[in-house]
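Residue numbers (this note's numbering), protein chains in the order written: chain Y, 221 to 474; chain W, 9 to 143.
Please note that the accuracy of each hint is not assured.
Partial list, computed: chain Y residues near chain W (C-beta under 8 Å) [claimed, not checked]:
1) Ala266
2) Met299
3) Val310
4) Gly335
5) Ile346
6) Phe350
7) Ile397
8) Cys398
9) Asp439
10) Ala441
FYI, nobody ran anything at the bench for these hints, they're computed from the structure.
All residues carry an ideal CB built from backbone N, CA and C; glycine is no exception.
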Amino acid sequence: MLEMLKAVTLHNGLVFAFAFIGVIMLMSQQLSRTLTFGRVHGSAIAILIGLGLAYWGGIETGGSKGLADVKIFAGVGLMGGAMFRDFAIVSTAFEVHAEEAARAGVVGFVALFIGTIVPFIIGASIAYAFGYTDAIAMTTIGAGAVTYIVGPVTGAAIGASSDLMALSIATGVIKAICVMVFTPVAAKFMRLQTPRAAMVFGGLAGTVSGVTAGLAATDRALVPYGALTATFHTGLGCLMCPSVLYLAVKAIFG
Amino acid sequence: MNTIIIGTAMLALCHLTGLFLGDVLGWAIGARANVGGVGIAMLMLVLIRLYMVKKGILGKKFEEGVNYWGAMYIPVVVAMAAQQNVVAALRGGHVALLAAVVTFTSCFCIISFMNRMESKESIEKGMAVIKDKEH
Numbered sequence: 221m222l223e224m225l226k227a228v229t230l231h232n233g234l235v236f237a238f239a240f241i242g243v244i245m246l247m248s249q250q251l252s253r254t255l256t257f258g259r260v261h262g263s264a265i266a267i268l269i270g271l272g273l274a275y276w277g278g279i280e281t282g283g284s285k286g287l288a289d290v291k292i293f294a295g296v297g298l299m300g301g302a303m304f305r306d307f308a309i310v311s312t313a314f315e316v317h318a319e320e321a322a323r324a325g326v327v328g329f330v331a332l333f334i335g336t337i338v339p340f341i342i343g344a345s346i347a348y349a350f351g352y353t354d355a356i357a358m359t360t361i362g363a364g365a366v367t368y369i370v371g372p373v374t375g376a377a378i379g380a381s382s383d384l385m386a387l388s389i390a391t392g393v394i395k396a397i398c399v400m401v402f403t404p405v406a407a408k409f410m411r412l413q414t415p416r417a418a419m420v421f422g423g424l425a426g427t428v429s430g431v432t433a434g435l436a437a438t439d440r441a442l443v444p445y446g447a448l449t450a451t452f453h454t455g456l457g458c459l460m461c462p463s464v465l466y467l468a469v470k471a472i473f474g
Numbered sequence: 009m010n011t012i013i014i015g016t017a018m019l020a021l022c023h024l025t026g027l028f029l030g031d032v033l034g035w036a037i038g039a040r041a042n043v044g045g046v047g048i049a050m051l052m053l054v055l056i057r058l059y060m061v062k063k064g065i066l067g068k069k070f071e072e073g074v075n076y077w078g079a080m081y082i083p084v085v086v087a088m089a090a091q092q093n094v095v096a097a098l099r100g101g102h103v104a105l106l107a108a109v110v111t112f113t114s115c116f117c118i119i120s121f122m123n124r125m126e127s128k129e130s131i132e133k134g135m136a137v138i139k140d141k142e143h
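Could you build all of it, start to finish, from the sequences and the hints given here?
Given below as structure tokens:
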């Protein structure tokens, strides 16, 4: 009996994921209501549970994809993978108030540039402070501070070693997780309440995963605006880090 | 036109076209990555919706075919959180941790600064739009 149940679950990974994530959402809503009296958003709790499960999956399997590396939860990998994620994000465009988005276009664009340059400078400076004084190492770690995809793309382009790449990916992943967890906490401080504010946030906080999860946990209605700018973040980083920014670091530090 | 699958198909078409254009754009400017593919797809969908509203051909079923996926957004994000490489992040060491924490706190401060510059009138307008979507 148990074998048959396991087989059905394994053969219907995505469907099982729908059921499993549904249970997590239900639990989170209950916890939000009973433990925090609605003060902490149900989705914020669900995302924390997700991160916790990812940690468990990583320890259990030694893999890099969290819970999705556990065989029975492979469907979670598909459900939360880039394809479904992007599909769901694109669909939120139907909620976009075009006038509001256009009004914040310029400031969103400015935010994107600051959101690439500032993390890069901070990442590279901290790398320097810890003894990574050559241009390649500083650039790779700085790029990782932009997003965890910009890091390895940049590293590969300028010929960084694999442990440097791992370090830069780790930097980007920690940043993304921090954004996921602390966005709802700091929402008031950041004045995250309007479409314009969400677009500034999307441009500056970087990484689609961090921004969209952070906004989801704060106010679902803000998501499409943040996504609109955040999706340009990785592209801009991959454009600037291995080129202009690398050359700048090289010119200054040799 | 007014069926669920046509709505979903339109969404899919925008998704694919946007990602394709993002790849082409990335290739053209030498970024070795997709540049804003999802954003381009979203802009296309915004324009298509505006056009259909103007023509009066935006049906309820069509909208449902798109909005279902919008409603699935948060569960998908939870599934995404469940496959982050949390173990590697926690084992990243001092450099990674410090770089990440200083970066995100600095960015949050800049965001706060930039958002405090938003005019009162703009905030009122923006909040009205958001409140409208919540109900």
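Violated hints, by number in ascending order, as checked against the structure: none
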